[in-house]
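Asker: Residue-level listing of the chains:
Number of protein chains: 2
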Amino acid sequence: MDYIQQRFSVPFEYRVYFTSDLFNLQNAVLQQFLQTDASHNIKKIFFVIDSGVAEYHPKLTSDIQHYFSVNKQVTLIENMLIVPGGEACKNTDTYVNDIVEAVDKYGIDRHSYIAAIGGGAVLDMVGYAAAISHRGIRHIRIPTTVLSQNDSGVGVKNSINYKGKKNFIGTFAPPVAVFNDEHFLFTLSEREWRAGIAEAVKVALIKDKPFYSWLCKNALALSRREMEPMQYQIKRCAQLHIDHIAGGDPFEKGSSRPLDFGHWSAHKVEQLSGFEIRHGEAVAMGIALDTVYSHLCGWLNEADTKSVLQLLIDLGFDITHPMMEISDDDSPLIKGLHEFQEHLGGMLTIMLLRAIGKGEEVHHLDIALLKKSSDWLKQYHQIAQQ
Amino acid sequence: MDYIQQRFSVPFEYRVYFTSDLFNLQNAVLQQFLQTDASHNIKKIFFVIDSGVAEYHPKLTSDIQHYFSVNKQVTLIENMLIVPGGEACKNTDTYVNDIVEAVDKYGIDRHSYIAAIGGGAVLDMVGYAAAISHRGIRHIRIPTTVLSQNDSGVGVKNSINYKGKKNFIGTFAPPVAVFNDEHFLFTLSEREWRAGIAEAVKVALIKDKPFYSWLCKNALALSRREMEPMQYQIKRCAQLHIDHIAGGDPFEKGSSRPLDFGHWSAHKVEQLSGFEIRHGEAVAMGIALDTVYSHLCGWLNEADTKSVLQLLIDLGFDITHPMMEISDDDSPLIKGLHEFQEHLGGMLTIMLLRAIGKGEEVHHLDIALLKKSSDWLKQYHQIAQQ
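Protein chains in written order, with the working numbering: chain U, 1 to 386; chain R, 1 to 386.
Just so you know, these hints were derived from the structure itself, not from any lab. Keep in mind that the hints are not guaranteed to be accurate.
Where chains are identical, the list cannot tell them apart; a pair therefore holds if satisfied intra-copy or between any two copies.
To be verified - Within a straight-line C-alpha distance of at most 20 Å, the following computed SDA-like cross-link-like pairs (lysine to any residue) qualify:
hint	residue 1	residue 2
1	Lys105	Gly336
2	Lys72	Gln26
3	Lys253	Arg7
4	Lys371	Glu339
5	Lys165	Lys207
6	Lys163	Thr94
7	Lys253	Ser9
8	Lys358	Asp328
9	Lys105	His321
10	Lys217	Lys372
11	Lys358	Gln310
Start from the sequences, fold in the hints, and give me the full structure.
Answerer: In structure tokens, the structure reads:
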């Protein structure tokens, strides 16, 4: 056979900074990053901001303007784009098109920056627009929610939805830097503060027993909105995600997606609820379901199973929902399982729990056992509520 | 400063196969690739075909259907999408949307294939659609022109145009395999046969003096459409491109793009002509202009300069065009230079010739000298035509 073999590796690196009040002139973190990174002289920076963040931080845009009037490493594009937060910004290509148009209008080149300030959905959407403009404009992420600071914001994926299907369109494109600013956490709603902790529970369960024990000990403090344990939780969870990406299959060429523990049902329930149920809330319920399944298939003992459910309850999560119920093979959740398989690429790969801190993958879920797990969970939930 | 450092490399590999009559049942190349690659059992393959190819090869779709009715490693999606060839398929997002819709409709997952059969523009567009669907569906390229077999088809870029700006939207996404089938070359028009050779001249000039000498010796045979030298030219040029990508900066994070020798003006002239001038034809003129500039700036001697122009003429190329003329700072070509700089990312980087086979980059072009080069070339062209 006559062929030429091509083979190469593409290196990526970026830092996830932990800071407070990023655009305060006393804070040198961003300016030091730009000094090191901005090697050419006509760099620009364009900001896209989550409308929820803009609303709770009315001085944000003027702070940014003031910051770049003093720090002149890059030229601020004065017009900033405000986009709706949550899945609303991903359910249409309107905002992606707005960003591409801005890239054209303001002459944002491949060595300039597109910075996103917002929750995970906004970062996903802006990251996608940045990735496809000029084949990839440098993307800076400034996550403002617990979920995006400890999970999606520190990773390498971006996306928008298509006909209601989550993340159907997107790419793998690492950011050039992530700035986790605790300042944004203070204004989070009760629900948003809590929702992100589900990803910490997830990653602790599959990878890190000591972190799981820490979460159990600190669950009530976390749910009381204490900042110190929240900061520890975010940093530990981010570290576990970052290590996982670097150590595994960053662009997910295989079928294995261990970090999607609890996610197959979560994706579907989010969609079924019209995204009224938040991602983290759905993940908490997905974790509960797959934990019970792990128990009923004989892997996880009963005490550990109940400990997981109790941790979720202590954190203030619902562990199930009528939409999580599986009555038969045609239940919406079973349809979601097939969609998950398709998105994954043909072969189903689902993470379950061998033990606390030890995930293990399977390539088949038994529908009858899933139905039993859903019933078991519903019953436990009813008892726990009494 | 408090931060987590992320660092990883993503490996890529694929083969560029050289073959004849790919879908002939006697030809085992594709089937052997699929056998090795297709590790799961529900893989599908979806074909997108250049309308020009479909027209010249009316049996192609039935050959493909017959091929996959016998070779069952993957399931053929019987409906194939026929798209216009050339820039027409890149000037709109219609066809990208058609492909995304097909991905949804036919349940094409990340481990299935989207195969493109066509010229460079069709491969660019289909590659882009595949790259953004499910964050990247396996993409097979079957280039049908000289240009796509020796250059763009073997590389890692994809794109569509935006508001007439070439390749404004796109990503870097290596294919899983490329099949260069000489069978498609027989039906190429005179212009298409010739156009692709410009990229061979380009890469020989900047990297490979022996290949340049070979091209000079074989120019007339190539222009007489002899298949043997054409095959050698394609393979050598593809090899040089592949080596360059692997040895350099595959996803072009820096500003350096040595393979774009002669391309800054070519992109603009293509656009100015409404893509009536083909990419390869424009590149030939771009090479001529930058070769003369290399001469007038004191790098390339007169004999070598004239040898390059003679090679282009022997191959049947026009070496200039009224649209290539630079009368003043506001000439369209100068505007194209600024656009190229922007697309590149801020800092201008242009390849010139130190000698035959030795390119060298500069970060500035002198407008007055460019004007002089354009005049010099126009005059040479007039004399050559007498």
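Asker: If a hint holds in the structure, say so; if it does not, say that too.
Answerer: Consistency of the hints with the structure:
{"no.": "1", "hint": "Lys105 - Gly336", "in the structure": "between (40 Å within a copy, 16 Å between copies)"}
{"no.": "2", "hint": "Lys72 - Gln26", "in the structure": "within (15 Å within a copy, 65 Å between copies)"}
{"no.": "3", "hint": "Lys253 - Arg7", "in the structure": "both (15 Å within a copy, 18 Å between copies)"}
{"no.": "4", "hint": "Lys371 - Glu339", "in the structure": "within (18 Å within a copy, 59 Å between copies)"}
{"no.": "5", "hint": "Lys165 - Lys207", "in the structure": "neither (29 Å within a copy, 47 Å between copies)"}
{"no.": "6", "hint": "Lys163 - Thr94", "in the structure": "both (14 Å within a copy, 16 Å between copies)"}
{"no.": "7", "hint": "Lys253 - Ser9", "in the structure": "both (14 Å within a copy, 13 Å between copies)"}
{"no.": "8", "hint": "Lys358 - Asp328", "in the structure": "neither (30 Å within a copy, 70 Å between copies)"}
{"no.": "9", "hint": "Lys105 - His321", "in the structure": "neither (46 Å within a copy, 30 Å between copies)"}
{"no.": "10", "hint": "Lys217 - Lys372", "in the structure": "neither (30 Å within a copy, 77 Å between copies)"}
{"no.": "11", "hint": "Lys358 - Gln310", "in the structure": "within (19 Å within a copy, 69 Å between copies)"}
Checked against the numbered hints above, the structure breaks hints 5, 8, 9 and 10 and satisfies the rest.
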